[in-house]
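Going down the list, the sequences are from chains A and B. Take the first sequence: its position 70, counting from 1, is numbered 70 in my numbering, and each next residue is one higher. Quick note, my numbering runs 1000 ahead of the 1-based positions in the second sequence.
Just to be clear, a hint being listed does not mean it is correct.
[Unchecked claim] Across the chosen pairs, the derived CB separations fall in these ranges:
#1 Val46/A to Thr1086/B: 42 to 50 Å
#2 Asn67/A to Gly1016/B: 45 to 53 Å
#3 Asp1107/B to Thr9/A: 35 to 43 Å
#4 Asp55/A to Met1027/B: 21 to 29 Å
#5 Asp55/A to Gly1016/B: 46 to 54 Å
#6 Thr1086/B to Glu15/A: 17 to 25 Å
#7 Arg110/A to Lys1018/B: 29 to 37 Å
#8 Glu15/A to Gly1016/B: 19 to 27 Å
#9 Asn58/A to Ile1012/B: 19 to 27 Å
#10 Ser74/A to Asn1073/B: 32 to 40 Å
#11 Thr78/A to Arg1009/B: 28 to 36 Å
[Claimed, not checked] Here are the computed lysine to any residue pairs in the SDA-like style, where the Cα-Cα straight-line distance is at most 20 Å:
#12 Lys3/A to Lys70/A
#13 Lys70/A to Lys1057/B
#14 Lys38/A to Leu1041/B
#15 Lys1069/B to Gln101/A
#16 Lys38/A to Lys1069/B
#17 Lys3/A to Lys1071/B
#18 Lys38/A to Asp1038/B
#19 Lys38/A to His1104/B
#20 Lys16/A to Ala88/A
#21 Lys3/A to Lys1057/B
#22 Lys1071/B to Glu26/A
#23 Lys38/A to Lys1071/B
#24 Lys1057/B to Thr27/A
#25 Lys38/A to Lys1057/B
#26 Lys3/A to Arg1110/B
#27 Lys70/A to Lys16/A
#28 Lys38/A to Gln1101/B
#29 Lys1057/B to Ser65/A
[As the list claims (entries may be wrong)] Computed from the model, here is a short list of chain B residues facing chain A with C-beta under 10 Å:
#30 Asp1056
#31 Tyr1064
#32 Pro1102
Note that these hints are calculated values from the structure, not bench results. Keep in mind that this is a model prediction, so the values were computed, not measured. Where is the CB? At the ideal position from N, CA and C, for every residue including glycine.
Read off the chains here:
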Amino acid sequence: AQKVTQAQTEISVVEKEDVTLDCVYETRDTTYYLFWYKQPPSGELVFLIRRNSFDEQNEISGRYSWNFQKSTSSFNFTITASQVVDSAVYFCALRFGQGAQKLVFGQGTRLTINP
Amino acid sequence: EAQVTQNPRYLITVTGKKLTVTCSQNMNHEYMSWYRQDPGLGLRQIYYSMNVEVTDKGDVPEGYKVSRKEKRNFPLILESPSPNQTSLYFCASSLGTGGNQPQHFGDGTRLSIL
């Protein structure tokens, strides 16, 4: 079955700490795509990053970095020097299937950054 | 401005009264999809559409209908709503059917079925 697991339901840290959000996925497909989305308190969903199954290169964007490891089926997200504005629910998602039409989301991790 | 627009944003209604949530995108995207978000379950895909007149079921299609008569519109229809369909709904679109395209989401519609 195609599945995404975000085992951390809630995380709370103090501002400026580094924090890692875990994402583990399951799929039988050899071609698939992974995404991270942010849902701030205002409720909208904001795209952060995508990765395809053939590209295991890690990525850094400012304070955000992503570690994709096919060997462990993980696509973890790290925020360095966290800020209060990073407080949100973060979703990891897997896109798969013929033509990659189906999308499965993890349960989400609620991240709270305390001042 | 490129956007996905959902209406209404909020709706309280009663069991059995048919309702439609509209979704429109102005980006000429081929792919559109509907999701519901429930606490502890994340987002679950209801239906998706690869192009005009092409729709297919996601993970939780029961109790919902969709149509795609025009490229820009993808309405979600609840023929006989029930309380277990109380949820936050999101419409999304992406440029092509390639999986590498990120989805653009609407702002969400909060439905309460009494």
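Evaluation of the provided hints:
no., hint, result
1, Val46/A to Thr1086/B: 42 to 50 Å, "25 Å, violated"
2, Asn67/A to Gly1016/B: 45 to 53 Å, "49 Å, holds"
3, Asp1107/B to Thr9/A: 35 to 43 Å, "25 Å, violated"
4, Asp55/A to Met1027/B: 21 to 29 Å, "25 Å, holds"
5, Asp55/A to Gly1016/B: 46 to 54 Å, "49 Å, holds"
6, Thr1086/B to Glu15/A: 17 to 25 Å, "36 Å, violated"
7, Arg110/A to Lys1018/B: 29 to 37 Å, "35 Å, holds"
8, Glu15/A to Gly1016/B: 19 to 27 Å, "49 Å, violated"
9, Asn58/A to Ile1012/B: 19 to 27 Å, "46 Å, violated"
10, Ser74/A to Asn1073/B: 32 to 40 Å, "38 Å, holds"
11, Thr78/A to Arg1009/B: 28 to 36 Å, "34 Å, holds"
12, Lys3/A to Lys70/A, "15 Å, holds"
13, Lys70/A to Lys1057/B, "28 Å, violated"
14, Lys38/A to Leu1041/B, "16 Å, holds"
15, Lys1069/B to Gln101/A, "19 Å, holds"
16, Lys38/A to Lys1069/B, "31 Å, violated"
17, Lys3/A to Lys1071/B, "30 Å, violated"
18, Lys38/A to Asp1038/B, "16 Å, holds"
19, Lys38/A to His1104/B, "12 Å, holds"
20, Lys16/A to Ala88/A, "16 Å, holds"
21, Lys3/A to Lys1057/B, "17 Å, holds"
22, Lys1071/B to Glu26/A, "32 Å, violated"
23, Lys38/A to Lys1071/B, "27 Å, violated"
24, Lys1057/B to Thr27/A, "19 Å, holds"
25, Lys38/A to Lys1057/B, "25 Å, violated"
26, Lys3/A to Arg1110/B, "26 Å, violated"
27, Lys70/A to Lys16/A, "30 Å, violated"
28, Lys38/A to Gln1101/B, "17 Å, holds"
29, Lys1057/B to Ser65/A, "34 Å, violated"
30, Asp1056, "7 Å, holds"
31, Tyr1064, "16 Å, violated"
32, Pro1102, "4 Å, holds"
Hint compliance for this structure: hints 1, 3, 6, 8, 9, 13, 16, 17, 22, 23, 25, 26, 27, 29, 31 are broken, all remaining hints hold.
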